[in-house]
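Numbered continuously in this note's numbering, the sequence shown closes out at residue 389.
Bear in mind the hints are in silico, worked out from the structure with no lab data behind them.
Where hints are given, some of them may not hold.
Cross-link-like lysine to any residue pairs, in silico, SDA-like; alpha carbons within 20 Å at most [to be verified]:
{"hint": "1", "residue 1": "Lys4", "residue 2": "Asp74"}
{"hint": "2", "residue 1": "Lys158", "residue 2": "Asn40"}
{"hint": "3", "residue 1": "Lys158", "residue 2": "Ala59"}
{"hint": "4", "residue 1": "Lys4", "residue 2": "Gly270"}
{"hint": "5", "residue 1": "Lys4", "residue 2": "Cys182"}
{"hint": "6", "residue 1": "Lys158", "residue 2": "Phe170"}
{"hint": "7", "residue 1": "Lys69", "residue 2": "Leu337"}
{"hint": "8", "residue 1": "Lys158", "residue 2": "Trp246"}
{"hint": "9", "residue 1": "Lys158", "residue 2": "Thr249"}
{"hint": "10", "residue 1": "Lys158", "residue 2": "Ile174"}
{"hint": "11", "residue 1": "Lys158", "residue 2": "Leu93"}
{"hint": "12", "residue 1": "Lys158", "residue 2": "Ala79"}
{"hint": "13", "residue 1": "Lys158", "residue 2": "Ala89"}
{"hint": "14", "residue 1": "Lys158", "residue 2": "Val36"}
{"hint": "15", "residue 1": "Lys158", "residue 2": "Gly238"}
{"hint": "16", "residue 1": "Lys158", "residue 2": "Pro94"}
{"hint": "17", "residue 1": "Lys4", "residue 2": "Ile178"}
{"hint": "18", "residue 1": "Lys158", "residue 2": "Gly240"}
{"hint": "19", "residue 1": "Lys4", "residue 2": "Ala177"}
{"hint": "20", "residue 1": "Lys4", "residue 2": "Leu180"}
{"hint": "21", "residue 1": "Lys158", "residue 2": "Thr334"}
{"hint": "22", "residue 1": "Lys158", "residue 2": "Ile243"}
{"hint": "23", "residue 1": "Lys158", "residue 2": "Ala242"}
{"hint": "24", "residue 1": "Lys4", "residue 2": "Pro127"}
{"hint": "25", "residue 1": "Lys69", "residue 2": "Thr334"}
{"hint": "26", "residue 1": "Lys158", "residue 2": "Gly245"}
{"hint": "27", "residue 1": "Lys69", "residue 2": "Ala59"}
{"hint": "28", "residue 1": "Lys69", "residue 2": "Ala177"}
{"hint": "29", "residue 1": "Lys158", "residue 2": "Ser38"}
{"hint": "30", "residue 1": "Lys4", "residue 2": "Asp185"}
{"hint": "31", "residue 1": "Lys158", "residue 2": "Ser169"}
{"hint": "32", "residue 1": "Lys158", "residue 2": "Asp74"}
{"hint": "33", "residue 1": "Lys69", "residue 2": "Arg267"}
{"hint": "34", "residue 1": "Lys69", "residue 2": "Lys158"}
{"hint": "35", "residue 1": "Lys4", "residue 2": "Arg184"}
{"hint": "36", "residue 1": "Lys158", "residue 2": "His239"}
{"hint": "37", "residue 1": "Lys158", "residue 2": "Ala171"}
{"hint": "38", "residue 1": "Lys4", "residue 2": "Leu93"}
Note that the structure is predicted; figures quoted are calculated from it, not measured.
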Amino acid sequence: MNEKHWQRIAIGAGAGMFLGMALGRFSYSAMIPALVDSGNLDAVTAGYIGGVNMVGFLAGAAASTLAVKCLRLDRVLFASILVAVAALAASALPWGPLWLGAWRAAIGVATGCIMVLGLAVTAQSAPPEHRARAMSYIFIGVGSGILFGATIVPASLKVSITTAWLAVSFAGVIAAAIALWCWRDVASAASPPGAPREQPQPRARIAWYAIVVASFLFSFGIVPHTIYWFDYIARGLGHGYAIAGWHWTGVGIWAILGPVLAAWLARVAGTSFAAAVAYFVMAAGVALPWLTHAGPALVLSSIIFGAQPGVSTLLGARARDLGTADEMPAMMRTIILANGIGSAISGITVPMLLDLTGSYELLFLSGGIALACGGILCLPAIARAPSRA
Numbered sequence: 001m002n003e004k005h006w007q008r009i010a011i012g013a014g015a016g017m018f019l020g021m022a023l024g025r026f027s028y029s030a031m032i033p034a035l036v037d038s039g040n041l042d043a044v045t046a047g048y049i050g051g052v053n054m055v056g057f058l059a060g061a062a063a064s065t066l067a068v069k070c071l072r073l074d075r076v077l078f079a080s081i082l083v084a085v086a087a088l089a090a091s092a093l094p095w096g097p098l099w100l101g102a103w104r105a106a107i108g109v110a111t112g113c114i115m116v117l118g119l120a121v122t123a124q125s126a127p128p129e130h131r132a133r134a135m136s137y138i139f140i141g142v143g144s145g146i147l148f149g150a151t152i153v154p155a156s157l158k159v160s161i162t163t164a165w166l167a168v169s170f171a172g173v174i175a176a177a178i179a180l181w182c183w184r185d186v187a188s189a190a191s192p193p194g195a196p197r198e199q200p201q202p203r204a205r206i207a208w209y210a211i212v213v214a215s216f217l218f219s220f221g222i223v224p225h226t227i228y229w230f231d232y233i234a235r236g237l238g239h240g241y242a243i244a245g246w247h248w249t250g251v252g253i254w255a256i257l258g259p260v261l262a263a264w265l266a267r268v269a270g271t272s273f274a275a276a277v278a279y280f281v282m283a284a285g286v287a288l289p290w291l292t293h294a295g296p297a298l299v300l301s302s303i304i305f306g307a308q309p310g311v312s313t314l315l316g317a318r319a320r321d322l323g324t325a326d327e328m329p330a331m332m333r334t335i336i337l338a339n340g341i342g343s344a345i346s347g348i349t350v351p352m353l354l355d356l357t358g359s360y361e362l363l364f365l366s367g368g369i370a371l372a373c374g375g376i377l378c379l380p381a382i383a384r385a386p387s388r389a
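Taking the hints into account, I'd like the entire structure generated from these sequences.
Spelled out as structure tokens, the structure:
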């Protein structure tokens, strides 16, 4: 496959993730303080609605492989893109928590399909020497969307919540158009049927199980920041929307840089070592607010949390190290299911824990502990298998 083709497939996946993950999940986080202050929701209900999105993501990831058995790959991807756009637009209607929650669930389902199938087809199409780079394109899409939301949502909220939703929806339409154009021949990226399959060695199988559990711990650990970081700074610490917006902008900038840095580190040190380093750094950054509320610590936590798409980049590249092109759809589905289960469990328990304790800091500490455990599983001593960046 020529370079232009695999790059276009990866860019299409990045645009899909810009739409579903960045706009669909992260832009909502920036709206929570306004939704609470306006009386539309309380903080706990807003958290549960964020959790419903993650449960929907799990359902979409689980159903994606079955969907492509019933329909062509391109039709599943195109339908997911259209559902995501419709869900963003419908969220602008102020018809109560049940209405908003239903559409948050719908965009979660669409995002689960986009992520599983987009990552799988990108990993299949990219040559080994460019695999980490291809994965970085996808998660740069996430970072770009977070950065966009960090700038447009606070500005739009000065007019109204509906205006903010419509601005996000308009950006979603543009991202959808890019994804559909890039994926116009996505079926040709699939590997040919009957290709020889490599049998994983026992030691590689241990490494694979470790990566699956690490993916669960990663998604579990970043949920407190994903849902509540903007609200924590704006209302929890009383810094207001403007300061929270600057922090969220930092999250977006580093969400773009994170995959780039991760791809570089994977090339220099191998995917296993790079993943372990990324997990431990992420654990320290997520748990940092439990120790101190000082301004520099908050900035550092925003930067490190923002770089989290780099971890996803490394997980995708690491999975491809451990399997053949034919195995990638099933492997990526397993990793993303583990990710979705972690998100769904954390998305429900985090608001519950906040309701019980009233402590944001305890949420961040629990996330840091989960990420540290994931880092242990990624250590080269455990993940002893070929590491091809």
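Is Lys4 within 20 Å of Ala177, Cα to Cα?
-> holds (19 Å)
Does Lys69 pair with Lys158 here, judged by a C-alpha cut-off of 20 Å?
-> violated (46 Å)
Please work out if Lys158 and Leu93 have their alpha carbons no farther apart than 20 Å.
-> Holds, at roughly 17 Å.
Quick one, are Lys4 and Arg184 close enough, alpha carbons at most 20 Å?
-> Since the Cα atoms of Lys4 and Arg184 sit roughly 14 Å apart, the hinted pair holds (cutoff 20 Å).
Within a Cα-Cα threshold of 20 Å, do Lys158 and Asp74 meet the stated pairing?
-> violated (39 Å)
Please work out if Lys158 and Phe170 have their alpha carbons no farther apart than 20 Å.
-> With Cα atoms ~18 Å apart, Lys158 and Phe170 stay inside 20 Å; holds.
Agreement of Lys69 and Thr334 with the hint, judged by alpha carbon distance not exceeding 20 Å | Holds - the C-alpha atoms of Thr334 and Lys69 are around 17 Å apart, at most 20 Å.
Take a quick look at whether Lys158 and Ser169 sit within 20 Å of each other, Cα to Cα.
-> Answer holds: Lys158 to Ser169 is near 17 Å, not above 20 Å.
Is Lys158 within 20 Å of Val36, Cα to Cα?
-> holds (15 Å)
20 Å Cα cutoff - pair Lys4, Pro127 = Given that 20 Å is the threshold and the Cα spacing comes to 12 Å, the pair holds.
For the pair supplied as a hint, Lys158 and Ala242, confirm whether the alpha-carbon distance does not exceed 20 Å.
-> Measuring from Cα to Cα gives roughly 11 Å; hence the hint holds.
Pairwise hint evaluation, Leu93 against Lys4, where the allowed Cα distance is 20 Å at most | Roughly 41 Å separates the two Cα atoms, so the pair is violated.
Hint compliance for this structure: hints 3, 4, 10, 12, 21, 28, 32, 33, 34, 38 are not met, and every other hint is.
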